[in-house]
Structures are given as structure tokens and as C-alpha cells.
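Residues per chain are reported as follows:
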Amino acid sequence: MRQSRALEIWVGAFVAAGLAALLMLAMKVSNITSYAQGDGYRISAAFENIGGLTVRAPVRIAGVRIGRVSDIQYDSESFQAVVTMRIDSRYDFLPADTSASILTDGLLGENYIGLEPGGEEETLGDGDRIEITQSALVLEKLIGQFLFSRSQGDDQ
Amino acid sequence: MIALTLQRMGRWALERLERLGRSNLFLLHVVPGLPGLLARPGLVVQQTFAIGVLSLPIVVVAGLFVGMVLALQLYNTMVDFGAEQSLGPVVALSLVRELGPVVTALLFAGRAGSALAAEIGLMKATEQLSSMEMMAVDPLRRIVAPRLAGGIISLPLLSAIFSAVGISGGFLVATGLLGVDSNAYWSQMRANVDLFDDLANGVIKSVVFGVVVTWIAVFEGYDAAPTSEGVARATTRTVVNSSLAVLGLDFILTALMFGDDT
Numbered sequence: 083m084r085q086s087r088a089l090e091i092w093v094g095a096f097v098a099a100g101l102a103a104l105l106m107l108a109m110k111v112s113n114i115t116s117y118a119q120g121d122g123y124r125i126s127a128a129f130e131n132i133g134g135l136t137v138r139a140p141v142r143i144a145g146v147r148i149g150r151v152s153d154i155q156y157d158s159e160s161f162q163a164v165v166t167m168r169i170d171s172r173y174d175f176l177p178a179d180t181s182a183s184i185l186t187d188g189l190l191g192e193n194y195i196g197l198e199p200g201g202e203e204e205t206l207g208d209g210d211r212i213e214i215t216q217s218a219l220v221l222e223k224l225i226g227q228f229l230f231s232r233s234q235g236d237d238q
Numbered sequence: 010m011i012a013l014t015l016q017r018m019g020r021w022a023l024e025r026l027e028r029l030g031r032s033n034l035f036l037l038h039v040v041p042g043l044p045g046l047l048a049r050p051g052l053v054v055q056q057t058f059a060i061g062v063l064s065l066p067i068v069v070v071a072g073l074f075v076g077m078v079l080a081l082q083l084y085n086t087m088v089d090f091g092a093e094q095s096l097g098p099v100v101a102l103s104l105v106r107e108l109g110p111v112v113t114a115l116l117f118a119g120r121a122g123s124a125l126a127a128e129i130g131l132m133k134a135t136e137q138l139s140s141m142e143m144m145a146v147d148p149l150r151r152i153v154a155p156r157l158a159g160g161i162i163s164l165p166l167l168s169a170i171f172s173a174v175g176i177s178g179g180f181l182v183a184t185g186l187l188g189v190d191s192n193a194y195w196s197q198m199r200a201n202v203d204l205f206d207d208l209a210n211g212v213i214k215s216v217v218f219g220v221v222v223t224w225i226a227v228f229e230g231y232d233a234a235p236t237s238e239g240v241a242r243a244t245t246r247t248v249v250n251s252s253l254a255v256l257g258l259d260f261i262l263t264a265l266m267f268g269d270d271t
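Chains as they are written, first to last, in this note's numbering: chain X, 83 to 238; chain E, 10 to 271.
Misleading hints may appear alongside valid ones.
Some chain E residues near chain X, calculated using beta-carbon distances under 7 Å [claimed, not checked]: (1) 101; (2) 102; (3) 173.
If you want the footprint, here are the derived chain E segments under chain X, 3+ residues with CB under 8 Å [said to hold, decoys possible]: (4) 51 to 59; (5) 159 to 168; (6) 202 to 211.
I should point out that these hints are in silico values taken from the structure, not numbers from a laboratory.
For each residue, glycine too, the CB sits at the ideal point set by N, CA and C.
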């Protein structure tokens, strides 16, 4: 067994390097930090149209990411999309009349939910719903409306 | 004439099926020997050294250059769209999801798989395997099982190292040569690479490739004709078959893992 000591050290170093590489990938490359923070509370909001919003899209207030979209469902009674967001528990000061809108990060970026705080004393808690919402801007609809109003303007 | 052609085709197909069946039976006989290795970890350590540690230099160098070239090439296209900030996530995703497991498995098939097949084939040609059986030592347990275990341990670790080195190489080129902001490289990456969807699926891929490549290598070696020509043919077949298997399986695994991405 004596002569195999160097060999065992090499294999040990190899396994350690492999695990270190995996750890580095997990910590530095992937979004492990967003899984780590387990606590938080959920609020929901109903939108007419969510555009390209996906699960795990960021929720921002004043540009700061305070949570993520955890679930998107279609409510067949109100014909609206119900988006559930998980907000970090350290941001528990959202006024009850906070409004939510779906925005785009830059011209071609991903969709996210932007929250605009209101002025009420009461704050949103777990399971509460944001009442004031603004749908995503769908470019095709905007162009359609623009063309429609232009042609109407021409007729007059 | 037609009957002859059909007969040839039939024989060819039957031979292929027979080989497939034999390789499955072979695996079935080797797998029960794997738990017994826990009692003799020295054998596995020895094989992990021969298979894993000695493959390290080529994997590290290949990973470094693949990462650097990836960053260099993607930058040229992405800078036209003003999207050079996304260089980090694109390099990381292509390495973690595809290139890491696949390229490492291909290198592994060439570096370690061929050596395994040649070693076992030569043992068979020089009748070492049959003399072991004479001494009531099961060559499947003593020779094949440790090599299979070593390969399955080594490949996931190697491809993790490949991806990590590649991402670092991409980082060096992106920040040093191309002037991408180093903070953007990492933070964009963290925002877009998912721990389970991307990283864990890449690891699963490399484990599957590890099993398949090592399995093909030890089977071809064990099944080789006991002549020098047979060993040569087994080595070639190992590299060709395992490369094809890796590429084909990669498509299937990718379709299963990322196909219904919403």
C-alpha cells in the first residue's frame, strides 16, 4: 500500500478539484442564491395580458429586485391571468394600494413586474392581491391602434 | 440476387442485434460486482487515477480554449446588437448544458475509452483473463467492474472541471481582450443560469455519458477477438461507437430536458 500513496493523493486531488468546479459552477454561475432565501410572502395580481412574462421573472420596485414571479395561472371566470409573486420578507412595507405593471427591460429585454408604491398606511401581507394593474404593452396592438387612429384622422 | 441482398441485410441486422444483446448481458453481469468494490476501494482509486486524473490535462486545456474561442466568436456577433453584456450567460449556458458534457465525453472516449478497450483486449489476447478464471478470480469483478466505476466517477467530475475552466477562459477573453465589464459577465450569468434546469441537467447528462462511454469501452475490450487485429478493431470501434452514442444520446436528453421549455 505504500507505493500507492501518491496515487491516492492524486485521485483525492482530482475528486476535490471536480467537486470544487461543481461548487464554483453552482455558486458563481447559477442562481443558487435565489433558492437559498426560503422565507418570503406571496402576493398576487390579475392582468388583462401578461405579454411575455414567465415564471421566475423578477419583481422590481424602484428598479430594485425584491422578488420573483412564482406562478402564472389563467382565471377562466374573470378571463384574466393571475400572477403570483414571492416577495422577500425584508421588503414587507408595500402599501395596500401598490400598483403593478408589466414592463420590459430595455428594448429587447425580458419582461418583469414593476411595482409602484401607493400612499396607504396599510401594507400588503401574505396572500393579498394587488388591485391596480397595468397590462403588458403588446407591440402589435400598439401599432394596430396607431394605424387605426391615423386612418381615422385622414378621413376627417 | 434480391434474396441474397436481403439475406445479407438480415445477417447484418441480426449480428448488430446480437452484439447489442451481448453488451446488455455483459452489463447485467458486471453491475452486481459494483457493490463489492466498496470492500476494495483501492481498485477503484487505481482506475480513477488511470481514467480520470490522466485525462485531466487534455480536458483542462480543451476547456480553456473552447471557452476562450466561444467568447471571441460570440462577441463578434453580439456586439452588432449591443448585447455584449449577455456574453456571460451565453458562454455559461452553452458550456454547462451542451459543450461541457459532450466535448468532455468525446475527449474521454478518445483518451480513456480507447485505452480501456486496448488494455482489456490485450489481457484477453494474452490469456490473462482466462488464467484469472482458472484461479477462481472473476475477471468481471476484478478487472471490469473497477474500470466501469472509475469511468462513471471520473466523467462527471471532468466535465464539471471542463465547464468551470471554460467559463473562466471565456471570462479572461471577455474582460481582458474584448473589454466586457467583468461584473456584468458574472451577474448576467447568475441571472440566467438555473441551478436545476441547467446545471443539474448538465450533470445528469455527463453521468449518462460516463456510463455509456465506459460501458462501450469495457464491452468492446472484453468482446474483442483475441488477436492483435481484434484489439485494434475493438479500440477503433470503441471510439467510433461511443462518440456516436454520446452525440445521439445528447440529442435525446436535450429534447427531454429542454424540449418543452416554457
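Hints and how they fare:
no., hint, in the structure
1, 101, "holds, 5 Å"
2, 102, "violated, 9 Å"
3, 173, "holds, 4 Å"
4, 51 to 59, "holds (count 5)"
5, 159 to 168, "holds (count 5)"
6, 202 to 211, "holds (count 5)"
Checked against the numbered hints above, the structure breaks only hint 2 and satisfies the rest.
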